[in-house]
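Put together the whole structure using the sequences plus the hints.
Heads up: the sequence lines are chains A and B, in that order.
Taking my numbering, the leading residue of the first sequence gets 1, the next gets one more, and so forth.
Taking my numbering, the leading residue of the second sequence gets 1, the next gets one more, and so forth.
These are calculated hints, taken from the structure and not from any lab test.
All residues carry an ideal CB built from backbone N, CA and C; glycine is no exception.
Treat each hint with caution, since some may be false.
[What the hints assert, rightly or not] Taking lysine to any residue pairs in the SDA-like style, the calculated list, with each CA pair at most 20 Å apart, reads:
no.: 1; chain 1: A; residue 1: Lys50; chain 2: A; residue 2: Arg111
no.: 2; chain 1: B; residue 1: Lys42; chain 2: A; residue 2: Ser62
no.: 3; chain 1: A; residue 1: Lys50; chain 2: B; residue 2: Tyr75
no.: 4; chain 1: A; residue 1: Lys50; chain 2: B; residue 2: Gln73
[As the list claims (entries may be wrong)] Which chain B residues stay away from chain A? Per the calculated CB distances, all over 12 Å, these:
no.: 5; residue: Glu15
no.: 6; residue: Asn35
no.: 7; residue: Ser36
no.: 8; residue: Glu61
no.: 9; residue: Gly63
no.: 10; residue: Ser81
no.: 11; residue: Val85
no.: 12; residue: Glu87
no.: 13; residue: Val89
no.: 14; residue: Gln94
no.: 15; residue: Arg95
no.: 16; residue: Gly96
no.: 17; residue: Arg99
no.: 18; residue: Ala100
no.: 19; residue: Val101
no.: 20; residue: Thr103
[What the hints assert, rightly or not] Label pairs and their in silico Cβ distance ranges:
no.: 21; chain 1: A; residue 1: Pro64; chain 2: B; residue 2: Val89; range: 43 to 51 Å
no.: 22; chain 1: A; residue 1: Asp29; chain 2: B; residue 2: Gly82; range: 47 to 55 Å
no.: 23; chain 1: A; residue 1: Lys50; chain 2: B; residue 2: Arg38; range: 38 to 46 Å
no.: 24; chain 1: B; residue 1: Asp91; chain 2: A; residue 2: Thr117; range: 25 to 33 Å
no.: 25; chain 1: B; residue 1: Arg24; chain 2: A; residue 2: Pro54; range: 20 to 28 Å
no.: 26; chain 1: A; residue 1: Asp52; chain 2: B; residue 2: Ala56; range: 19 to 27 Å
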Amino acid sequence: MPTRRRFLATLTAIAGAPLVARAALAQTDGRESLIRQVTGGAPVTAGRVKLDTPTLADNGHSVPLRVIVESPMTATDYVRSVTLLAERNPRPIVATFSLGPRAGRAEVFTRIRLADTQEVLALAQLSDGSYWSGTAKVIVTELACLDGS
Amino acid sequence: MLARVLVPREARRGEVIQIRISIRHPMETGFRYDNSGRVIPKNVINSLVCRYNGVAIFRAEMGSGIAANPQLQFYTVAQASGEFVFEWVDDAGQRGAERAVITVTG
Numbered sequence: 001m002p003t004r005r006r007f008l009a010t011l012t013a014i015a016g017a018p019l020v021a022r023a024a025l026a027q028t029d030g031r032e033s034l035i036r037q038v039t040g041g042a043p044v045t046a047g048r049v050k051l052d053t054p055t056l057a058d059n060g061h062s063v064p065l066r067v068i069v070e071s072p073m074t075a076t077d078y079v080r081s082v083t084l085l086a087e088r089n090p091r092p093i094v095a096t097f098s099l100g101p102r103a104g105r106a107e108v109f110t111r112i113r114l115a116d117t118q119e120v121l122a123l124a125q126l127s128d129g130s131y132w133s134g135t136a137k138v139i140v141t142e143l144a145c146l147d148g149s
Numbered sequence: 001m002l003a004r005v006l007v008p009r010e011a012r013r014g015e016v017i018q019i020r021i022s023i024r025h026p027m028e029t030g031f032r033y034d035n036s037g038r039v040i041p042k043n044v045i046n047s048l049v050c051r052y053n054g055v056a057i058f059r060a061e062m063g064s065g066i067a068a069n070p071q072l073q074f075y076t077v078a079q080a081s082g083e084f085v086f087e088w089v090d091d092a093g094q095r096g097a098e099r100a101v102i103t104v105t106g
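Put into structure tokens, the structure is as follows:
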């Protein structure tokens, strides 16, 4: 590699690194407080929740999303609720669905708006009060104009 | 508000059935402007409930993150013949309702 190119590459890497780190930190910070809003600080375990979305959404105005929670859905062991979070949306709490033992299957489909490429998070509360989560990264090529810009 | 519900007409007792509803509604985010530059106020269907013979089997609390003309698909166990009643309300206070009948055998 020519010296000049290598020098430029190094320069970009040095300049970019803290920026990337800070952005990542900001996102996890926002996400944690958002989750706390939903759970009230109760611990959340990753797993049991699957999000089915296209990885690449042409249009952020209507992104199909299916949430599936692993649960026997019996009278004593069922999913109480599912909350969808899109932290990069201007209003990050997208929806909360209340299910119950009579659902038979813990699965909900809807269409959501995404203001940006992001990781959509679903939080499920089970009948024993525990919280479980799942995520899906969605790359949005045409954004939903949620903030008027 | 125009809505379409899809519930199987017949099912066997104990069968898990799929319920679908779509409602014609702009789900205004409150972030858009009209032609004269005024903000179009936020107006979304904020809550919906589905009752099966009077018992709530599904509820949705929704925000501006739900796409226009909201669609919902969920499941329930067919227990008895009867009626599904869907009711919803938007931020403007406008209410809507739709119903569907099911015959459960076995």
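_The output says B/Arg99 does not contact chain A. Does that hold with a beta carbon cutoff of 12 Å?_
The claim stands: B/Arg99 keeps its Cβ more than 12 Å from every Cβ of chain A (closest is about 18 Å).
_Does A/Arg111 sit within 20 Å of A/Lys50, going by the straight-line distance between their CA atoms?_
Holds, because 16 Å separates the two Cα atoms, which is no more than 20 Å.
*Going by Cβ atoms, does B/Arg95 stay more than 12 Å from chain A at every point?*
holds, 19 Å
*Determine whether the Cβ-Cβ distance between A/Asp52 and B/Ala56 falls within the hinted range of 19 to 27 Å.*
holds, 26 Å
*Taking the minimum C-beta separation from B/Gln94 to chain A, is that value above 12 Å?*
holds, 19 Å
*Closest CB-CB distance from B/Val101 to chain A, is it above 12 Å?*
Label holds. Min Cβ-Cβ 18 Å, cutoff 12 Å.
*asked:* Would the non-interface assignment of B/Thr103 survive a Cβ cutoff of 12 Å against chain A?
replied: Fine: 18 Å to the nearest Cβ keeps B/Thr103 off the interface.
_Confirm or reject: B/Glu87 is not an interface residue toward chain A, with every Cβ-Cβ distance exceeding 12 Å._
B/Glu87 is indeed farther than 12 Å from all Cβ atoms of chain A, at 14 Å.
_Minimum Cβ-Cβ distance from B/Ser36 to chain A exceeds 12 Å_ = The assertion about B/Ser36 holds, with a minimum of 15 Å to chain A.
*Is the nearest Cβ of chain A still more than 12 Å from the Cβ of B/Ser81?*
holds, 16 Å
*Taking 12 Å as the cut and beta carbons as the points, is B/Val85 off the interface with chain A?*
The claim stands: B/Val85 keeps its Cβ more than 12 Å from every Cβ of chain A (closest is about 15 Å).
*Non-interface claim for B/Val89: all C-beta distances to chain A beyond 12 Å?*
holds, 15 Å
Checked against the numbered hints given earlier, the structure breaks hints 5, 8, 9 and 21 and satisfies all the rest.
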